[in-house]
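Enquirer: Put together the whole structure using the sequences plus the hints.
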Amino acid sequence: MSDNGLKAGSNLERMFAAGHFVVTGECGPPKSADYDIVAEKAKALASCTDAVNITDNQTAVVRIASMAAGYIAAQNGAEPIMQMTCRDRNRLAMQADILGANALGVYNILCLTGDHISFGNHPTAKGVHDIDSVNLIRMYKDMRDAKIFQCGEEMPVAPKLYIGCAENPFGDPFEFRTLRLKKKIEAGADFVQTQCIFNVPKFKKWMEMVRAEGLHQEIKIMAGITPIKGAGMARYMQKFVPGIDVPQEIVERIAAKEKGAPQQEEGKKLGAEMIKDLAEVEGVHGVHIMAVEWEPAVPEIAEMAGLLPRPKLS
Amino acid sequence: MITAERKPFEEILELLEGKEKVLVAGCETCVAVCLTGGEKEAEILAAELSIKAKEDGRTLDVDHISAIRQCEWEYLDAIAEKVEQYPVVISMACGIGIQSMAERFPEKLVLPAVNTNMLGMPQEHAVWIERCGACGDCVLGVTGGICPIVRCSKSLLNGPCGGSHDGLCEVTGPNKEEIPCAWQLIHDKLIAQGRQDLLMKVTPPKDWSKSNSGGPRTMVKEEAKPV
Ligand code: SF4
Ligand code: SF4
Chain A
1 MSDNGLKAGS NLERMFAAGH FVVTGECGPP KSADYDIVAE KAKALASCTD
51 AVNITDNQTA VVRIASMAAG YIAAQNGAEP IMQMTCRDRN RLAMQADILG
101 ANALGVYNIL CLTGDHISFG NHPTAKGVHD IDSVNLIRMY KDMRDAKIFQ
151 CGEEMPVAPK LYIGCAENPF GDPFEFRTLR LKKKIEAGAD FVQTQCIFNV
201 PKFKKWMEMV RAEGLHQEIK IMAGITPIKG AGMARYMQKF VPGIDVPQEI
251 VERIAAKEKG APQQEEGKKL GAEMIKDLAE VEGVHGVHIM AVEWEPAVPE
301 IAEMAGLLPR PKLS
Chain B
1 MITAERKPFE EILELLEGKE KVLVAGCETC VAVCLTGGEK EAEILAAELS
51 IKAKEDGRTL DVDHISAIRQ CEWEYLDAIA EKVEQYPVVI SMACGIGIQS
101 MAERFPEKLV LPAVNTNMLG MPQEHAVWIE RCGACGDCVL GVTGGICPIV
151 RCSKSLLNGP CGGSHDGLCE VTGPNKEEIP CAWQLIHDKL IAQGRQDLLM
201 KVTPPKDWSK SNSGGPRTMV KEEAKPV
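Residue numbers (the numbering used here), protein chains in the order written: chain A, 1 to 314; chain B, 1 to 227.
Think about it this way: if two alpha-carbon atoms lie no more than 20 Å apart in a straight line, the pair counts; the simulated PhoX-like pairs of lysine-lysine are: (1) B/K108 x B/K19; (2) B/K201 x A/K182; (3) B/K221 x B/K210; (4) B/K176 x A/K239; (5) A/K229 x A/K259; (6) B/K21 x B/K54; (7) A/K202 x A/K182; (8) A/K141 x B/K201; (9) A/K204 x A/K182.
These are computed hints drawn from the structure, not numbers from a lab.
Expert: What follows is the structure in structure tokens.
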């Protein structure tokens with residue numbers, strides 16, 4: 001830990017430290033060597049968020065590497081949260097990439113298991129899964145705090161890292177989800193972003209369990225929000241995306257509007273309402289807005305939810 | 001047990017293209033139990049090859065035999081007389097048996113007729129389920145006797161991923177066979193055993209050097225070696 005008590009000193013960490021309700025966005029890099037797409041998405045998110053997740057071969061589909069896209073995002077004004085899955089890298093690559101990313105100025109890292117390789121565009125590839133996300137968190141914490149590699153060897157210059165993890169309050173077994181978060185906190189996670197929330201009552205129940213364990217005092221919790229672009233998307237997620245719980249009334253609320261712009265408007269409105277609702281939940285320290293391939297909607301939703309302008313730290 | 005599935009007939013024909021004298025070699029152990037490569041299946045494949053050759057107007061001298069275990073020298077010796085009569089052997093044993101056959105009869109062309117796929121158990125009649133990946137460092141003692149290495153699609157050691165739902169693994173898709181989530185099973189089992197504290201224990205990164213990642217493995221039991 002550095003002199004100021006901060007682990008990495010990133011904007012994300014400092015925003016939490018200052019007690020602000022923190023907003024993060026998400027940028028999915030393109031399936032091509034296109035700098036501009038990343039730059040545009042980063043610019044769109046820079047002013048309405050405090051940091052931006054850069055996904056790592058999201059849904060097991062090959063895209064610009066999260067390290068490179070994170071660097072591009074930083075060049076374009078958005079502080080990156082580099083995502084790192086256990087699916088595509090063994091522990092050597094995970095450590096090498098974090099050293100490289102850190103040397104390039106990427107300080108926030110989100111440790112994920114990763115969607116199974118069979119969902120993506122190379123289903124015949126070998127999934128790595130050398131270590132799991134709990135051990136990934138531990139490994140990065142040890143690199144940062146103990147200046148050691150996973151093998152125990154020492155390094156002269158440790159990476160400065162603000163370590164995140166994900167948790168899915170809607171995954172099963174439900175009661176184990178808080179314990180799994182606890183395991184990740186013990187491993188060294190500083191912040192957690194949840195899977196996107198549609199079933200607010202169930203999320204609140206999960207938060208009750210989190211508070212009962214006192215976990216909200218040990219980790220910064222960001223509630224995940226995905227604005228719904230249309231009834232089709234809502235139905236698709238309800239049916240086909242594992243671990244996502246979309247209540248029927250949400251599908252109906254969106255479907256009640258006309259297709260196209262009216263449904264999109266309703267989706268944004270719903271997103272903003274949910275953010276306001278979730279911000280009131282004790283122990284929720286911020287919101288993570290994942291507008292999948294709909295980044296331009298984020299500023300509007302943030303505005304409607306009363307999150308703008310973002311506080312500037314000196 | 002080791003399980004295997006017969007290769008598609010087309011692929012077997014391709015492997016045997018131009019061959020005129022072929023012995024189909026079954027094995028009476030695992031592949032016989034999983035109804036893939038025992039004596040009966042060897043006989044059937046030989047018959048199919050013979051019929052196909054006749055249809056195509058080719059000459060093919062094909063017969064079959066079966067070893068008690070194709071993966072042991074003594075049982076290979078027992079079928080040597082027959083094997084010696086054929087330049088080509090297509091084996092229906094597991095990968096170990098096929099290689100043993102090739103090593104015991106180095107002058108023969110030994111080809112595979114099956115795809116060896118797992119260490120599984122017969123769950124019910126005609127259904128086999130993967131149970132072990134021979135990882136070399138068994139963790140069943142802390143996982144309620146359920147293997148997270150091969151029964152969890154991501155070999156997780158510290159609890160379920162976010163995709164576990166209704167007891168099923170996220171890899172189970174619509175219209176796909178249902179795959180139970182190994183970590184739901186482990187969770188339920190440990191609680192049933194009153195060992196839920198194990199769920200909070202962090203299992204450290206696995207030592208894959210004890211698996212095939214460390215290179216091919218050799219096991220020597222010094223105490224059992226003949227003096
Ligand atoms: S932990 Fe390893 S040895 Fe034990 S059952 Fe699983 S793969 Fe086999
Ligand atoms: S759903 Fe269960 S079995 Fe499937 S990868 Fe996740 S933890 Fe493993």
